[in-house]
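*Asks:* Sequence:
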Amino acid sequence: MALAFLVTMLGATMPTPLYPIYERQIGFGGVMVTVIFAAYAVGVTLALVLFGRLSDQVGRRAVLLPGLALAAVSSAVFLVPDSITALFVGRVLSGLSAGIFTGTATAAIVDLAPEGRHQRYSLLAAAVNMLGLGLGPVLAGALAEFAPAPLSLSYVVHIVLVLVVGVALYAVAEPIAVPEGPVRWRPQRIAVPPEVRGVFVRAAVAGFAGFAVLGLFTGVSPAFLTQVLHIGDHFVGGLVVFTLFGASTVGQLASARFTERSALLVGCAALVVGVVLVGAAIGLASLAVLVTGAVIAGLGQGMSFRAGLAAVSAGSPPAKRSEVASSFFLVLYVGISLPVIGEGVASAAFGLVTSGMVFAGAVAVLGIVAFVSLMASPRE
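Position 363, counted from 1, in the sequence shown is what the working numbering calls 364; the numbers after and before it change by one each time, with no gaps.
FYI, nobody ran anything at the bench for these hints, they're computed from the structure. Certain hints may be false.
[Unchecked claim] Estimated spans, in silico, between C-beta atoms of each pair:
#1 GLY352 x ASP57: 45 to 53 angstroms
#2 ASP83 x GLU196: 49 to 57 angstroms
#3 PRO180 x ALA148: 41 to 49 angstroms
#4 ALA87 x GLY352: 26 to 34 angstroms
#5 GLN26 x ARG258: 40 to 48 angstroms
#6 GLN26 x VAL202: 40 to 48 angstroms
#7 ILE85 x ALA150: 18 to 26 angstroms
#8 LEU339 x ARG190: 19 to 27 angstroms
#9 PRO115 x SER84: 44 to 52 angstroms
#10 ARG190 x GLY352: 21 to 29 angstroms
#11 VAL373 x ALA143: 40 to 48 angstroms
#12 ALA178 x ASP83: 43 to 51 angstroms
#13 PRO195 x VAL81: 46 to 54 angstroms
#14 PRO180 x ARG121: 46 to 54 angstroms
Note that the structure is predicted; figures quoted are calculated from it, not measured. Beta carbons: idealized from backbone N, C-alpha and C, even for Gly.
Given only the sequences and the hints, what does the whole structure look like? Please build it.
*Replies:* Here it is in structure tokens:
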């Protein structure tokens, strides 16, 4: 189950180090890259809203297996040569697949946990999620740099991996008892009850800032590396992206050692420091400062995201917990898409360096706002 989750999320970020090649081969600019990237967030949001509850009625495997099929179809669409339309369609399908797995595979892994180990399995699911997102650019970058057919081979490899884990997933026993009776499909409601709004707003501001940093790295960092740092090595580009997601994984695991409030405070503080360093790296054209900032920002993003989700879930009425969680993830995926599109538009008008530094400053301000609001909130 965890391997199926990892392979699916791996496919979601594989195009990241390949964007410079697409730009040269198809002939579009940085704004189009950010819009194509945001199409992924649209797919994730649609999946969370449309299919968030479905696995409770039909079983986990009945939802995850079509999710894997979408991942394979997405990679197959990317094989269409020299087509912006194919890139958009592939990103939306990839987002749908990732959105299905984000909620359902997490629930399935926790369902499979032995008695008393649900928290540990929940952390496993979170780690697999971020590791998959981080390893996608590494795999695609390595194949693009050291193997032939850079815009095809990585997707073929991903399709093969999906087929392998699909067989394994099919062999896994259904982890929940599927209720009898007709299936009543309905979209996931988006709502935040009054009793949890204070906690929700504070966690959502921190989460928005953290996911905006993820969006910056996966959507814009390839252009920064090639145009500003003049690094054309696709494998290096993938590794730079991995530093952020790998650090986020460590941050999520480390958050278990803190109280939720402490993890949010430490996470927000680290996020601010990290994103300031990222902004400085853009101005200084320094790879070392960029990687340092990515590690610190990733640690902060992982801690604040994990603690924020836990705080929101704990403060929500049980009957409305899934609605609140869906609302939280909706805010996060707005954070991973819209600001990056804005940064892409600004870079076309003012240049990549200026817009990148302004973007980093804006995210730092959001992190400071979240930190101050947490300090001012009453201890619970």
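*Asks:* Now tell me if each hint is right for this structure.
*Replies:* Against the structure, the hints come out as follows:
no. : hint                                : in the structure
1   : GLY352 x ASP57: 45 to 53 angstroms  : 49 angstroms, holds
2   : ASP83 x GLU196: 49 to 57 angstroms  : 53 angstroms, holds
3   : PRO180 x ALA148: 41 to 49 angstroms : 48 angstroms, holds
4   : ALA87 x GLY352: 26 to 34 angstroms  : 30 angstroms, holds
5   : GLN26 x ARG258: 40 to 48 angstroms  : 47 angstroms, holds
6   : GLN26 x VAL202: 40 to 48 angstroms  : 44 angstroms, holds
7   : ILE85 x ALA150: 18 to 26 angstroms  : 20 angstroms, holds
8   : LEU339 x ARG190: 19 to 27 angstroms : 22 angstroms, holds
9   : PRO115 x SER84: 44 to 52 angstroms  : 48 angstroms, holds
10  : ARG190 x GLY352: 21 to 29 angstroms : 43 angstroms, violated
11  : VAL373 x ALA143: 40 to 48 angstroms : 42 angstroms, holds
12  : ALA178 x ASP83: 43 to 51 angstroms  : 49 angstroms, holds
13  : PRO195 x VAL81: 46 to 54 angstroms  : 49 angstroms, holds
14  : PRO180 x ARG121: 46 to 54 angstroms : 28 angstroms, violated
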